[in-house]
Amino acid sequence: MSDSKGFLHWLFFKKWHPVPSVGSTIALFSIIGVIFVALGIVITVINNNIQEVTIYKYDQKCSPVEYNKKCSFMYKLDNMKAPIYFYYELENFYQNHRRYVKSKSSTQLSGEEISLSDAEKYCDPIIYNKDLEVWQQDVYVTEQNILIPTERKPDDIASPCGLIAKSFFNDTYTLSLEEKNIVLNQTGISWPNDKGKKYKRAPNSESTQWIDPENEHFIVWMRTAGLPTFRKLWGRIEQDLEEGEYTFEFENNYNPQMFAGAKNIVLSTSGPFGGKNLFLSIAFIVVGVIQLLIALAFLIKKIRAGNSFGQKNE
Amino acid sequence: MTDKLYEFSTLFEYKYENVNPKGNYVQRFQSKNRKITSNRPDYELPNNSIQTSKYTLINFIPKQLYEQFSKLANIYFVIIGALQMIPEVSISSGVPTIYLPLSFIILISGAKDFYEDYKRRKSDNEENRQPILTYDGYKFVTIPSSSLYVGQIIKVNQDEVIPADILILRSSEQKGICYVETKSLDGETNLKQKNVHIDLLQTYISDDCFGQEDKRIILKYQAPTPYLYQFIGETTTSQQKVSAMNFNNFILRGCNLRNVKYVFGLVTYTGKDTKIIMNSTIARSKRSKLEQQMQKFILIIFLTQLILCIIASIVYAISFYNKRNLLSYLDIESFDNEYNIAYNFFVRFGNWILIFTNFVPISLLVTLEMVKFIQGKFMTLDDRLNQPKVQSSNLNEELGQVEHIFSDKTGTLTCNIMEFKQIIIGNQNYGDVIENQEDYLSNDEILSYPQVTNVDFRDKKLIEAIQDQNHFMHKQVKDCLIMLSICHTVIADQKDNKLIYNATSPDELALLNFARFVGFEFLGSDENGIKRVRFNNEILEFQLLEVFEFTSQRKRQSILVQIRNSKEIILYSKGADSILLSETKLSQKELQSEDYHNLENKLQEYGKVGLRTLVLCKRIIDIQTYQEWNKRYQEAAQSLENREERMQTLQDELEKNYEILGATAIEDKLQQNVADTISAIKQAGIKVWVLTGDKIETAINIGYSCQLLTNELVQHVIDEKMESLVVEKLNETIGLISKQPHNQHALIISGDALLHSLKPHIRKNMIQIGESCNVVLCCRVSPKQKQDVVTLIRNQKKNVCTLAIGDGANDVNMITAAHVGVGIRGVEGQQASRAADYSVQEFQELRRLLFYHGRECYRRNSTLVCYTFYKNILVVLPQFWYGILSMYSAQSLYDTFIYQLFNILYAALPIMIYGVFDEEHDADILTENTQDNYYEQGPQGKLFNLKIFLFWVFQGLWQTSIICFFPTFCISSNFIDDNGYMQHLWAQGTMIFGLVIVVCNLKVLIFSNVYTPALLGSISFSMISYLISWIILDNISQAEAYVVLESLFATPNFHFGNILVIVTIVAIDSAINLKLRKMMIASKKKNQPIYQQPEKNDQVIKVINRANTGFAFNYLDVDELENQEKIELYNLENQVVPENFNNNNIY
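Line order of the protein sequences matches chains A and B.
Residue numbering for the first sequence follows the UniProt record's numbering, beginning at 1 and increasing consecutively.
Residue numbering for the second sequence follows the UniProt record's numbering, beginning at 1 and increasing consecutively.
In isolation and in its complexed conformation, chain A is listed as follows:
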């Protein structure tokens, strides 16, 4: 009993007074400032070693610009070290719009059947097969992105339903150098665990769904981006690229004019912390400098106030 009382007393009444002295405050701020500036410089160096190539508005490189057609263009690349990541980037696409973000059914995507009322509740306004895009209505997209024609009733609940699924980005790419195909590895591009757990094929997938939810391009698409300009991983090049004129062939299915945006291709090598991040390097340096300035301000004050200031610290 007395022990527990002692413990409670210790818990609530053992008191430490956090009274930093002016000196230690100045030291602390300076140290943090120096570390931050140093970190910022390191990140900048790393950033500079990462190669990032953006091919803007690649669909405009074919003339005439036609949709649902194959098209190809040439693009000169420098030497790049494997692994090289192949992204598509969309501009001015609000994947974080409220109406858009909520329009999907997690239950349905995990392979279960949903009731009509749930579909209405979660997937509005894309509920039935007939609400889907025309190309989605009588086709089944396999895990390997192969389209198999099927027949489904237009009044059945679309699976997957909802705006995110409907707006699935369906351009495909091949890359070659002097007729020699370069392999774009399209497996393992989604977050581990997403495939087969959060996104799971329904029974009789081929006859009831219009796309295999375990299609990784689909999974990547379904994880909505937080910014209106975003990149999504499409494939991985697991060989070094030599300098040369590369042929990009793509199926031009997705029309960015629908949202007054653009679609770009991004190729990037990777550093120890992933891709290029200019923000981090600038932020660290700026915050570090602010810390140093605070330290300096305290120092000036200390000197000005003389000794009396340093003695009494509250």
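Treat the hints with care, as some may be off.
[Stated by the list, open to error] DSS-like cross-link-like pairs, simulated, lysine-lysine; straight-line CA separation at most 25 Å: (1) K63/B <-> K35/B; (2) K57/A <-> K323/B; (3) K377/B <-> K14/A.
[What the hints assert, rightly or not] If you want a taste of the chain B side facing chain A, the calculated C-beta under 7 Å gives, among others: (4) S328; (5) D331; (6) L885; (7) F917; (8) H921; (9) P1052; (10) N1053.
[Claimed, not checked] Label-pair ranges, simulated between beta-carbon atoms: (11) A111/B <-> K130/A: 35 to 45 Å; (12) Y339/B <-> E133/A: 15 to 25 Å; (13) G6/A <-> K495/B: 14 to 24 Å; (14) V19/A <-> T930/B: 17 to 27 Å; (15) N145/A <-> S334/B: 32 to 42 Å.
Calculated directly from the structure, the hints in this document are not laboratory data.
Even glycine gets a Cβ: it sits at the ideal position worked out from N, Cα and C.
On the provided structure of chain A, position chain B as indicated by the hints.
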């Protein structure tokens, strides 16, 4: 004979018409004058039950619901809940999640109300079930107090409480006299004498005659009024004899019967109609200043919320309108509702309001209430205080903002014990010894003396003078002590072979006990008026001839006796030096003698330390003079015109040419450390007003002894009775004060004068004087006036926080009227402490209560409120900032489930622990309040005001913008690991939410003054509990945040981002905090000295107050009752007369 009987029946056979058939309670029962017959209860009038509880079992739920939903905050949350159920607007899939915390809050406060009401009900029941003896026509039977009706006859025994307002019919005393103690009504402990009207005394000649037909009486009397000292009525006996009854024949509910075995009374007012209940004010629910300000801030926050929501929705609606054809992926057709710009606006507005729900902190009220409750508990547990009680913990911080204290005197500043201290006889001063001196009577020695109360006298010198017949002072001392033992009006009683003195004045009791202590034992007087005193086994006998009572004008009491042995006639007088010393027969030479100066000096010395002094005189009157005088006096006593005046003149004739016997000094014992406490309170800048029912002299006296008054203060006494004179005096005082701006002033004002000064057109002057006076003493004020004074100050100075402290039922009004009421649990019962918000044992505890508990509660609660606003800004605003990146489409960043737990789990505990345990300075240093005026921050409202509030809001603004954008650019703009994976919206939201929790928990560390293991533990707990819920969420595949945890922790940029955000915010925030604190210290240093001792200014005119000699005496004032009645009648002119009074013709 038959004729007579016939008259009987016609006289008594009438129908009761005491009730109006229509109207509300007042119109029905309180607006008609009453006519009742004894022993014939009027069952139409309400019975004697009282009800202070608000609810019954049946009406509890509806009434409680009504009360709950008349609170604005609750309505707000009901509306939010309704919004949550509209599918288009809802951000929680149509589930009204807000109803969960809301019902929690309602349940808790409902349970609290229920418990409090249960306690009230219990005490009501106790009072209603009190057994009362009533006459049922044949005998006295016991019934519960609640079933008493008007017209019944009851019997009340000694020391019992009177259950209803009664007219006395008969007392166990022969002369029909009885004594009552009215302390529960007016706080005065001296007994009041009441008597049976002479006609009734003749009617009811035995204890068992109440059933007889011819003993019936009819009583006509006024309708119930709240005037405590007024009763007007007339009785008609069966012999048709009409006699007028007044207040002297009337006893109020709540009085205690003393000194008589029993009385019989006719019930006249019951239950709600009794004076005491009509005088009890309904306790308002009190809100602290901080809470009132908080309400304003909540309103500001709410308006900000509305504005931000409107801005967001307008921005959305406009940008949607501009882009409406470019958002094909949203699938909005031109026929959809969402295509409509107005529809868009309203739906988004609803969304935004829901996102902003927490902006108006739902948790604030609950957190604050809980913290205050625990603070209150810790106050009660403070072992440096004597078990204080906290009745309304919601006023804790108000204790830290007090600027104005109204204090009762008796029982609050003083113990209400008179102690005999010193006596001056001739040129000798006795009693002025301290321990270990040669003449000091030790504790052992004292056991051989008579054991008496109210005496603290240890001087052996006097004892020697008494015992030693040859001592040079012997004769003088003996003379003086004989005087003390017979010049009084005390009744001696034998009880169990012990001599008991029944005194109406505590001063007399002290004097008499002192005489007894040194060997002069007053044995009592017999029915022939022979007073006997025993001294050294010798009995001295005195024939009492006349008693001249004390009055406030005479300021003296005299007794005319004849010594039985020597037939010598002596007039003994005691009273104020100012009167008696001017009536001495001393020659001019003697007046300049050393003895006389010694006496005068001593008296002044006593006055300065607050001892109550009386001068003792005697005059030997030769028999012829007496006989001649007596003849005239008897004539005067029987005259019908100007009787009082004539008697007064004759008394004055005898009361002169005195021989001075000596002077006494009695201490009205102060409670412990009262003087220190008061001077500390004054030093802290708090104004102290003493409101007392006492006389002016007594009040001044106490003023000196508790250092309220000093000789440096210029005293202004206003005790005029007429309005015009009071106005004149007030103006004069204002003039005097403005002439001496460098002096400190004290105002001493009597109740009568106060009454006039409170009139609307004079108030201004009164307030002006009150402002410029450091000390105000109000004397002879009634409970109602105490309340009026408090209300006056409250109304006049809106921002001032007042505290009233008192111990008696007469202080209840004042206690409830002030912002904070403190009750002292003393001898005078529990009414005050029950009505009070806080109750303590002694006045000195106020110091710790205010300077430590109040001050710290104010500081902590201020921070708590600001922080609660801040943390909710912190959690809400990132979503607003995020709107910039999501077209203001009202996309929420957080998981709904986790979001709801924010105020319950992730950011609740640390601030509560801070609120209870944080401590800026050591408790004793704060209580001392001498190193610095730590208290002033509260009255000046330095810690909680608009500026501070806006500063916190500003902190929230910049910090949220960092919390929102840094993570976004850290993890969303590029891939973040060597698999090339991109992060997404929900990872970003999770990171932001996590940062919100870390930052708002670390913030507690920044502003805490002490770190306890509990504080650090609770902060860790908050963060860990978030992590745990995250882990749980991470495994639910349906959740948006599924597997986000692993992916984030595997991401270096996540960690970089966290470090960046936390260090940036914490460093800048604590730098601001440090800077502010240090600037405070620096600025204080500049303005030194901080703590100004009252300077000795050259310009101060040396004040010479009229020599204050400290005369004071408590006595049964014959004028008093009349005066009181007058006061109440003045009151009638002043006040809004209650409706029922208009219909009332006073007989």
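The hints, checked one at a time:
1. K63/B <-> K35/B: violated (38 Å)
2. K57/A <-> K323/B: holds (20 Å)
3. K377/B <-> K14/A: holds (19 Å)
4. S328: At 4 Å from the nearest chain A Cβ, S328/B passes the 7 Å test, so the hint holds.
5. D331: holds (5 Å)
6. L885: Holds: closest Cβ of chain A sits about 6 Å from L885/B, inside 7 Å.
7. F917: At about 6 Å, which falls below the 7 Å cut-off, the nearest Cβ of chain A leaves the hint on F917/B intact, so it holds.
8. H921: violated (10 Å)
9. P1052: holds (4 Å)
10. N1053: holds (6 Å)
11. A111/B <-> K130/A: 35 to 45 Å: violated (56 Å)
12. Y339/B <-> E133/A: 15 to 25 Å: holds (20 Å)
13. G6/A <-> K495/B: 14 to 24 Å: violated (54 Å)
14. V19/A <-> T930/B: 17 to 27 Å: For V19/A and T930/B the Cβ distance comes to about 22 Å; the hint holds.
15. N145/A <-> S334/B: 32 to 42 Å: holds (34 Å)
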